[in-house]
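There are 2 protein chains.
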Amino acid sequence: MPLVLDPTAQDLLFREARTANTFTDQPVTDEQMQAVYDLVKYGPTAFNQMPLRVVLVRTPEARERLVAHMSEGNAPKTATAPLVAILAADNEFHEELPELFPHFPQAKDVFFSERPVREGSANLNAALQAAYFIVGVRAAGLAAGPMTGFDAAGIQKEFLDEDHTPLMVVNIGHPGENAWFPRSPRLSYDTVVTTV
Amino acid sequence: MPLVLDPTAQDLLFREARTANTFTDQPVTDEQMQAVYDLVKYGPTAFNQMPLRVVLVRTPEARERLVAHMSEGNAPKTATAPLVAILAADNEFHEELPELFPHFPQAKDVFFSERPVREGSANLNAALQAAYFIVGVRAAGLAAGPMTGFDAAGIQKEFLDEDHTPLMVVNIGHPGENAWFPRSPRLSYDTVVTTV
Numbered sequence: 002m003p004l005v006l007d008p009t010a011q012d013l014l015f016r017e018a019r020t021a022n023t024f025t026d027q028p029v030t031d032e033q034m035q036a037v038y039d040l041v042k043y044g045p046t047a048f049n050q051m052p053l054r055v056v057l058v059r060t061p062e063a064r065e066r067l068v069a070h071m072s073e074g075n076a077p078k079t080a081t082a083p084l085v086a087i088l089a090a091d092n093e094f095h096e097e098l099p100e101l102f103p104h105f106p107q108a109k110d111v112f113f114s115e116r117p118v119r120e121g122s123a124n125l126n127a128a129l130q131a132a133y134f135i136v137g138v139r140a141a142g143l144a145a146g147p148m149t150g151f152d153a154a155g156i157q158k159e160f161l162d163e164d165h166t167p168l169m170v171v172n173i174g175h176p177g178e179n180a181w182f183p184r185s186p187r188l189s190y191d192t193v194v195t196t197v
Numbered sequence: 002m003p004l005v006l007d008p009t010a011q012d013l014l015f016r017e018a019r020t021a022n023t024f025t026d027q028p029v030t031d032e033q034m035q036a037v038y039d040l041v042k043y044g045p046t047a048f049n050q051m052p053l054r055v056v057l058v059r060t061p062e063a064r065e066r067l068v069a070h071m072s073e074g075n076a077p078k079t080a081t082a083p084l085v086a087i088l089a090a091d092n093e094f095h096e097e098l099p100e101l102f103p104h105f106p107q108a109k110d111v112f113f114s115e116r117p118v119r120e121g122s123a124n125l126n127a128a129l130q131a132a133y134f135i136v137g138v139r140a141a142g143l144a145a146g147p148m149t150g151f152d153a154a155g156i157q158k159e160f161l162d163e164d165h166t167p168l169m170v171v172n173i174g175h176p177g178e179n180a181w182f183p184r185s186p187r188l189s190y191d192t193v194v195t196t197v
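For the record, the sequence lines run as chains A and B. Position 179 (the first sequence) corresponds to 180 in the working numbering; numbering is contiguous. Position 126 (the second sequence) corresponds to 127 in the working numbering; numbering is contiguous.
Check the hints yourself; a few may be wrong.
It does not matter which identical chain is meant; a pair holds if it fits inside one copy or across any two.
Below, computed lysine-lysine pairings styled on DSBU-like, alpha-carbon distance capped at 35 Å [as the list claims (entries may be wrong)]:
{"id": "1", "residue 1": "158", "residue 2": "109"}
{"id": "2", "residue 1": "158", "residue 2": "78"}
{"id": "3", "residue 1": "109", "residue 2": "78"}
In short, the hints are calculated from the structure, not lab data. Keep in mind the model is a prediction, meaning the values are calculated, not measured.
Next comes chain A alone, as it looks inside the complex (with noise of 0.2 Å):
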């Protein structure tokens, strides 16, 4: 077989996890936040520059003033899963670069100096991450429910600041009743991959 992980594996990640969109009333613990984080973690980003930066919601105040930001269709889902996080990037990650990157501590002076180019760094390298942490989330056996749909501004101002931007916003827990729609189709190899 050309795939070494073990099928079960593969169904738990990819071939049988599935965005949910409604949840059950079992929660989610610090203790298997911390597990995917400790998992997940070790996904590569470009000079190991690690910008993503997570906001878990778990008072009843901070849930509303994030659902007051969310999309008319997720603010539903947003109120009712057992937790939610905000993925954001940090734009001043350099700071941590020195520590991150040890054998070229340069590297935050010579490729980061500037504002803009920080910003397009971390914004991709938050998101390979945020991809990561879906996956992390489905290796607890919790379904993600990765959202975009939402006041971006608003949440960066309830939520972080200036220096942090908001990514998405996952629900995370245990899929509840009809929580999703059936599986949707997938564009063929063929169509994605070229070889020259």
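Starting from the known structure of chain A, arrange chain B on it as the hints suggest.
Below, chain B alone, put in the same frame as chain A:
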């Protein structure tokens, strides 16, 4: 244990997987790449938009054209990896949306009629798919070497068109001698995650 994913799979995909800088001569087959794609195509994207496009660089002539646009540090790796993939975002992904998101075919016009909106969405979601792709390469028992140090305009002109934006170039193969530096440190959970 908080994670249900088998520890062997955790190691394969994250804990022991590394970004390889050298590779053996063992080839990477089209069968392997098809298996990788057929696994990671199920990773979620907004509106199931699937904007990632992949160019596999197999001929010596194409390899030479690609190496010419890589940064000085990345050129030798790109020249010697068994297989190199250019990962790009399709900014005209909305053309496929009625097929990919059949329960709301109006999404193409309601949300994605403006090119800047499509570019932003394509960049974020293709980056998610790039991360799924890296995980998938590891699921095939291969090492990935993702790189963002290249002349993007040059690669776009040589291998793509104005509707496709290069995101990264990935070396793929079995790790060779001295394939990596010691693992760099990672940010702690408490640095990355806050709770409100």
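Structure-based check of each hint:
Taking the closest pair of Cα atoms, residue 158 and residue 109 come within 35 Å of each other both inside a single copy (27 Å) and across two copies (30 Å). Taking the shortest Cα distances, residue 158 and residue 78 sit within 35 Å of each other inside one copy (22 Å), while across copies they are farther apart (43 Å). With identical chains, the CA atoms of residue 109 and residue 78 are at most 35 Å apart between copies only, with a shortest distance of 23 Å across copies and 40 Å within one.
Of the numbered hints listed earlier, not one is contradicted by the structure.
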